[in-house]
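Asks: Following the hints, complete the assembly by docking chain U onto the known chain R.
One letter stands for each residue in the lines below.
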Amino acid sequence: MSAAIEVIGARKMFRSKAGLFGTAREVRAVDGISFNLQAGGVLGVVGESGCGKSTLARMILGLLPMTSGSIRVDGHDLSSMDRRARARLIQPVFQDPYSSLNPRQSVADIVGLPLAAQGDMPPARRRERVMEMLARVGLSADHASRQPSQLSGGQRQRVAIARALVLRPRIVVCDEPTSALDVSVQAQILNLLAELRAELNLTYVFISHNLAVVEHIATEVAVMYLGRFVEQAPTADLFRAPAHPYTRALLASVLTPEPGAPIPDVGLGDTYPDPANIPPGCRFHPRCALARADCATHDPAEVARAGRKVACVLAAA
Amino acid sequence: MTVLEISDLHVRFGETLAVRGISLAIERGQTHCLVGESGCGKSVTALATMGLLARGGVRTAAHLRFQGTDMSGLDERAMARLRGDKMAMIFQEPMTSLNPAYTVGSQMAEVLRRHRRLSRRAALDRAAELLASVGITAPGLRLGQFPHQLSGGLRQRVMIAMALLCDPELLIADEPTTALDVTVQAQILRLLQQLQRDLGLALLLITHDLGIVARMAHRVSVMYAGEIVESGAVADVFLRPTHPYTRGLLDCIPVPGKVAPGVPLGSIPGVVPRIRAGFAGCGFRDRCVQAVAACATATPLQQAAADHAYLCRLPRDWTRAAA
Chain R
1 MSAAIEVIGA
11 RKMFRSKAGL
21 FGTAREVRAV
31 DGISFNLQAG
41 GVLGVVGESG
51 CGKSTLARMI
61 LGLLPMTSGS
71 IRVDGHDLSS
81 MDRRARARLI
91 QPVFQDPYSS
101 LNPRQSVADI
111 VGLPLAAQGD
121 MPPARRRERV
131 MEMLARVGLS
141 ADHASRQPSQ
151 LSGGQRQRVA
161 IARALVLRPR
171 IVVCDEPTSA
181 LDVSVQAQIL
191 NLLAELRAEL
201 NLTYVFISHN
211 LAVVEHIATE
221 VAVMYLGRFV
231 EQAPTADLFR
241 APAHPYTRAL
251 LASVLTPEPG
261 APIPDVGLGD
271 TYPDPANIPP
281 GCRFHPRCAL
291 ARADCATHDP
301 AEVARAGRKV
311 ACVLAAA
Chain U
318 MTVLEISDLH
328 VRFGETLAVR
338 GISLAIERGQ
348 THCLVGESGC
358 GKSVTALATM
368 GLLARGGVRT
378 AAHLRFQGTD
388 MSGLDERAMA
398 RLRGDKMAMI
408 FQEPMTSLNP
418 AYTVGSQMAE
428 VLRRHRRLSR
438 RAALDRAAEL
448 LASVGITAPG
458 LRLGQFPHQL
468 SGGLRQRVMI
478 AMALLCDPEL
488 LIADEPTTAL
498 DVTVQAQILR
508 LLQQLQRDLG
518 LALLLITHDL
528 GIVARMAHRV
538 SVMYAGEIVE
548 SGAVADVFLR
558 PTHPYTRGLL
568 DCIPVPGKVA
578 PGVPLGSIPG
588 VVPRIRAGFA
598 GCGFRDRCVQ
608 AVAACATATP
618 LQQAAADHAY
628 LCRLPRDWTR
638 AAA
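Going down the list, the protein sequences come from chains R and U.
Numbering-wise, the numbering used here puts 310 at position 310 of the first sequence, and it's gapless, one number per residue.
With the second sequence counted from 1, adding 317 to any position gets you the numbering used here.
Hints may be right or wrong, so weigh each one.
Which chain R residues face chain U? A few, computed with CB under 10 angstroms, are given here [unchecked claim]:
| hint | residue |
| --- | --- |
| 1 | Ser49 |
| 2 | Ala187 |
| 3 | Leu211 |
| 4 | Ala212 |
| 5 | Asp237 |
| 6 | Arg240 |
| 7 | Val266 |
It is worth saying that the hints were derived from the structure and are not from the lab.
Quick caveat: nothing in here was measured; it's all calculated off a predicted structure.
Ideal placement from N, C-alpha and C gives every residue a C-beta, glycine not left out.
The shape of chain R in the complex, shown without the other chains:
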C-alpha cells in the first residue's frame, strides 16, 4: 500500500535582517523533514512555538514554497500540480475561526467557495453539496444564511471544517484547530474530526502544542524541535516509552487534573531555542539534562527501530 502523503526532505529557509544595518541571517525554520502517512492515519506534530510546525503545515498546503524537498499525495508530486488540483487533494483547518472566515460572506458562500473555484459544478448541485456538508458537521439549514459574526467559536470551526471537506480531499492539514476554543467546545470538535475521519477515510496532519489532544486523536506522533523531527512513533508507543529527552520533557509538562500533584520540574533550564541560531551538534543539547560531551559537536542521525525513529545518541546506544 502506498502512502496517502509522503514528505521527503522538506526544507524552508528564511532570510531575516537584524536591525537596520544588520547582516542578513538565515533562519532554518524547517530543516529536513521526511515522513509518510497511510490513508486514514493521523500524524500529530507537536513542539513549542517557533519549532517550525506551522511553516511545515503551510508548505504542505502549498501556501509557502519549499526551499527544497518534495511532497507526494497518492504518489503524485504536488510541485507539478496547479492550485485547483492541489485544492482537491489537500485542505486546511486553521486555529482561529475568527480570522480564517470572510466576515462579509454567508456560511453557504464560505463553504461553497472551494466548489465554485473548481468551476465545474452547476450552482444547484453546489448548493446541495454545501447543505449536505453543513448537516454533516452538525450545523442546521438556517445557519447557511448567517455570517460568521453571528456564530459561536465552535460553530465557526464547524464551518471551517465543512469548507475543508466539501471538495472531499484526501488530506486535511489541521493547524491548532482547537487552541482558540473552550474545553467543552474543543471536545465537540475533536469528536467531530474523529468521526469524519472514520467515515470519509480522511488522512490528517494534526499540528498542536497540546500533547493530551494529540494523544487522543493521532495514530502517530512526531515531536518537532528547531525544524526537525527528533522523535516519531505510533502514539501509544511514544506515550508509553518516550525515547528522546525532549519528548520526555514535553510529556512531563502535561498537567493532568490530579488534585495535589506537584507542578513538574521539566528540567529544560532557561535557555530558549532560537531558529536563527541553531546550535552545532545536537540542536537540543543546550537544554538537555543528559547531554554528553560529544552532543555539542555531533549531530545525531535518525535511528529507526521497531516503528520508531529517534535522533539522539542515547537512543542509538
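Replies: Then chain U, alone, in the frame of chain R:
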C-alpha cells in the same frame, strides 16, 4: 487571616449580567482558583475587585473587604494607592501590560518611586534583587533591556517581579501562563507556587485549565454564566464533582491514557448563554441533561460536604443514582 472577602458581587455591562452574586474568601498563604470557560465572568470578577472595570461596567456588592476594610466605598485615588502596593495583578499577555517604550529597569523603578518614595538608585537595586528572586539570570543586563528584547517566559517573570515590588498581600493572576509554551508554563507555575509559600501571599489564580487548578489550588470556585456553581477544597471538587457542569467539564478534557483510541471524549452540548437582566433560574439548564422544568426557577445552594457547596437542585448523591 482572611485577606480578601468578596460578598454578593454583581457586575453588569448595560443589559448583560457578567457576574451574578458571587462570594468568595481567600486566606493568607492560600491559592484560590477561579476556573471556567470564556465569558463566564472570571476575569470581570478580578477586574471588579481591583476597581479596574472597563467604562460601562457597573459593580455592586454587599461588601468587598481587603484585610478587613471595605473597598466598595473607596474613591479612585485610594484604590490606586492599594493597587500595585498591597494588591497586585498579572495578566495573560505580558506585552500588553509592559510599556514597550521604556526599559524594564525604568518601569520597575517608577513603581517604587511612586509607592515607596525610593531614590532612583535604591529603586534600581531593589528591582535587580527582585528579578534575581524570580529566577532571572543577569538581572543587571535585563534592567537595561526593552520588553520586546525578552522571550515570552522572561517577560512573564518580569511581570511577576513587578507585581512583587511593593510586597503585596494579594496577587491576582489572570491566565498568567496561557500565552506560554507548556515547558515554560511549568517553570512559571513553579515560581508562583514557591513565591506564594515563601511570602505567604494570598493568590487568586484565574484559569480555564483544570490541570493547573488541580496542581495549584487549595480551594477552587467553578464559574458558569456569571455564577459560582461549585466551590470547595480542590480534592473534594475534583474527586467528587457534584454540579453537572463541573462533571461535564472534567469529562471533556483529554488526559493521556484516560480514553481508549476511537472512543469519543465526553462533551457538553450547546453553547454558553448570554445572560440578560431579568434572567431567572439555572444558567446551565439549556445544556444540562439532568434539567427539569423546576430548573427555570430554583437553583438552591446546597452542601455536598461540610466545606463543599454546589448550586443545583439535584441531591448531592445524584451521580450514584444516575450511574
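Asks: Holds or violated: is there a CB of chain U closer than 10 angstroms to the CB of R:Arg240?
Replies: holds, 9 angstroms
Asks: Was the hint right that R:Val266 lines chain U, CB cutoff 10 angstroms?
Replies: Holds: closest Cβ of chain U sits about 5 angstroms from R:Val266, inside 10 angstroms.
Asks: Have a go at the R:Ala212 hint: is there a Cβ in chain U nearer than 10 angstroms to its own Cβ?
Replies: holds, 4 angstroms
Asks: Do the numbers back the hint for R:Ala187, that is, is its least Cβ distance to chain U under 10 angstroms?
Replies: R:Ala187 check passes; min Cβ-Cβ to chain U is 4 angstroms, inside 10 angstroms.
Asks: Hint check: is the beta carbon of R:Ser49 less than 10 angstroms from a beta carbon of chain U?
Replies: holds, 6 angstroms
Asks: Per the CB criterion, is R:Leu211 less than 10 angstroms away from chain U?
Replies: holds, 7 angstroms
Asks: Using Cβ atoms only, decide whether R:Asp237 comes closer than 10 angstroms to chain U, and label the hint accordingly.
Replies: violated, 13 angstroms
Checked against the numbered hints above, the structure breaks only hint 5 and satisfies the rest.
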